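Novice: Sequence:
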Amino acid sequence: PSASASAEATTNGLTPENSKGRELRLSDFQEPSATSDWQEKRYDLASITNTMGIDTKLDWQNDDEIELRLANKFQKVTFNAGQANDSKSSDLTVKVQIFADGKEIDTVNVPFNDAHAFDVDVANVNALKITLTPLDRMQLMPSMGLHTTGVIFNVKAE
1 PSASASAEAT
11 TNGLTPENSK
21 GRELRLSDFQ
31 EPSATSDWQE
41 KRYDLASITN
51 TMGIDTKLDW
61 QNDDEIELRL
71 ANKFQKVTFN
81 AGQANDSKSS
91 DLTVKVQIFA
101 DGKEIDTVNV
111 PFNDAHAFDV
121 DVANVNALKI
131 TLTPLDRMQL
141 MPSMGLHTTG
151 VIFNVKAE
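At position 96 of the sequence shown (counting the first as 1) the number is 96 in this note's numbering, and the numbers step up by one without a gap.
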């Protein structure tokens with residue numbers, strides 16, 4: 001029998017058509033690195049309960065990033081970021097940095113009990129990276145033993 005002539009797509013297939021009106025899931029993001037700890041489940045953050053989101057564990061050794069490949073087809077990406085209510089520590093802040101094709105375009109420090117809304121202009125952007133870094137009260141990496149769970153949720157691309 002002859003081999004199939006169909007070609008496999010080489011992108012994750014995120015398009016304005018297939019993402020319209022829906023929240024993006026972990027499977028819509030570029031495959032994270034092997035050392036990454038992203039997972040998808042339901043969370044409580046501040047006064048928001050039972051929302052679907054994507055989390056990563058953050059501590060003195062670990063920050064994390066996640067990336068969308070937009071292929072210059074979108075105008076904006078919106079999302080919220082915060083810390084899960086069941087995080088091990090409530091004393092940390094999560095620094096959320098957003099990079100568009102390698103250039104830092106926004107940075108916000110999000111304290112525990114807050115869910116910050118982001119509205120990012122992504123016209124002519126292919127790679128959008130979101131980096132989460134834990135910080136202590138001195139704005140430094142936290143000491144050993146302090147952990148938090150950084151969550152991004154309500155992610156939409158249009």
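Keep in mind the hints are simulated off the structure, nothing from the lab. These figures come from a predicted structure and were not determined experimentally. The reader is advised that the hints may include incorrect statements.
[What the hints assert, rightly or not] If you anchor each label on the Cβ, the simulated ranges turn out as follows:
id, residue 1, residue 2, range
1, D91, T15, 38 to 48 angstroms
2, A117, E40, 28 to 38 angstroms
3, A127, S47, 29 to 39 angstroms
4, P16, S90, 30 to 40 angstroms
5, P16, R137, 40 to 50 angstroms
[Stated by the list, open to error] Simulated pairs of lysine-lysine, DSSO-like, Cα-Cα distance not exceeding 30 angstroms:
id, residue 1, residue 2
6, K88, K129
7, K20, K76
8, K76, K129
9, K95, K129
10, K57, K156
11, K20, K156
12, K156, K129
13, K41, K73
14, K20, K41
15, K20, K73
16, K156, K76
17, K95, K76
18, K103, K20
19, K41, K57
20, K76, K41
21, K129, K57
22, K41, K156
23, K41, K129
24, K57, K76
25, K103, K129
26, K156, K103
27, K20, K129
28, K95, K41
29, K88, K20
30, K73, K103
31, K57, K88
32, K57, K95
33, K73, K88
34, K129, K73
35, K156, K88
36, K41, K88
37, K103, K76
38, K95, K156
39, K95, K20
40, K103, K57
Glycine included, each C-beta is placed from N, C-alpha and C at the ideal position.
Novice: Quick one, are K73 and K103 close enough, alpha carbons at most 30 angstroms?
Specialist: The given pair, whose Cα atoms are some 18 angstroms apart, holds under the 30 angstroms limit.
Novice: Is the hinted pair K103 and K129 satisfied, with a Cα-Cα distance of at most 30 angstroms?
Specialist: holds (10 angstroms)
Novice: Please verify whether K20 and K129 have alpha carbons no more than 30 angstroms apart.
Specialist: holds (20 angstroms)
Novice: Is K103 within 30 angstroms of K57, Cα to Cα?
Specialist: holds (25 angstroms)
Novice: Taking 30 angstroms as the top limit, are the C-alpha atoms of K20 and K156 close enough?
Specialist: holds (8 angstroms)
Novice: Between the alpha carbons of K88 and K20, is the straight-line distance 30 angstroms or under?
Specialist: violated (35 angstroms)
Novice: Between K41 and K129, is the straight-line Cα distance small enough, at 30 angstroms or below?
Specialist: Satisfied, since the Cα-Cα distance of roughly 21 angstroms is no more than 30 angstroms.
Novice: Holds or violated: 30 to 40 angstroms for the Cβ distance of P16 and S90?
Specialist: holds (38 angstroms)
Novice: Would the hint linking K20 and K76 be met if the CA-CA limit is 30 angstroms?
Specialist: This hinted pair holds, its Cα atoms lying about 12 angstroms apart.
Novice: Quick one, are K41 and K57 close enough, alpha carbons at most 30 angstroms?
Specialist: Answer holds: K41 to K57 is near 13 angstroms, not above 30 angstroms.
Novice: Does the alpha-carbon distance linking K129 and K73 stay inside the 30 angstroms limit?
Specialist: Cα-Cα ~16 angstroms, so holds.
Novice: Can the restraint linking K57 and K95 be considered satisfied, given a maximum Cα separation of 30 angstroms?
Specialist: holds (13 angstroms)
Figure legend: structure checked against the earlier numbered hints; hints not met, in rising order: 2, 29 and 33.
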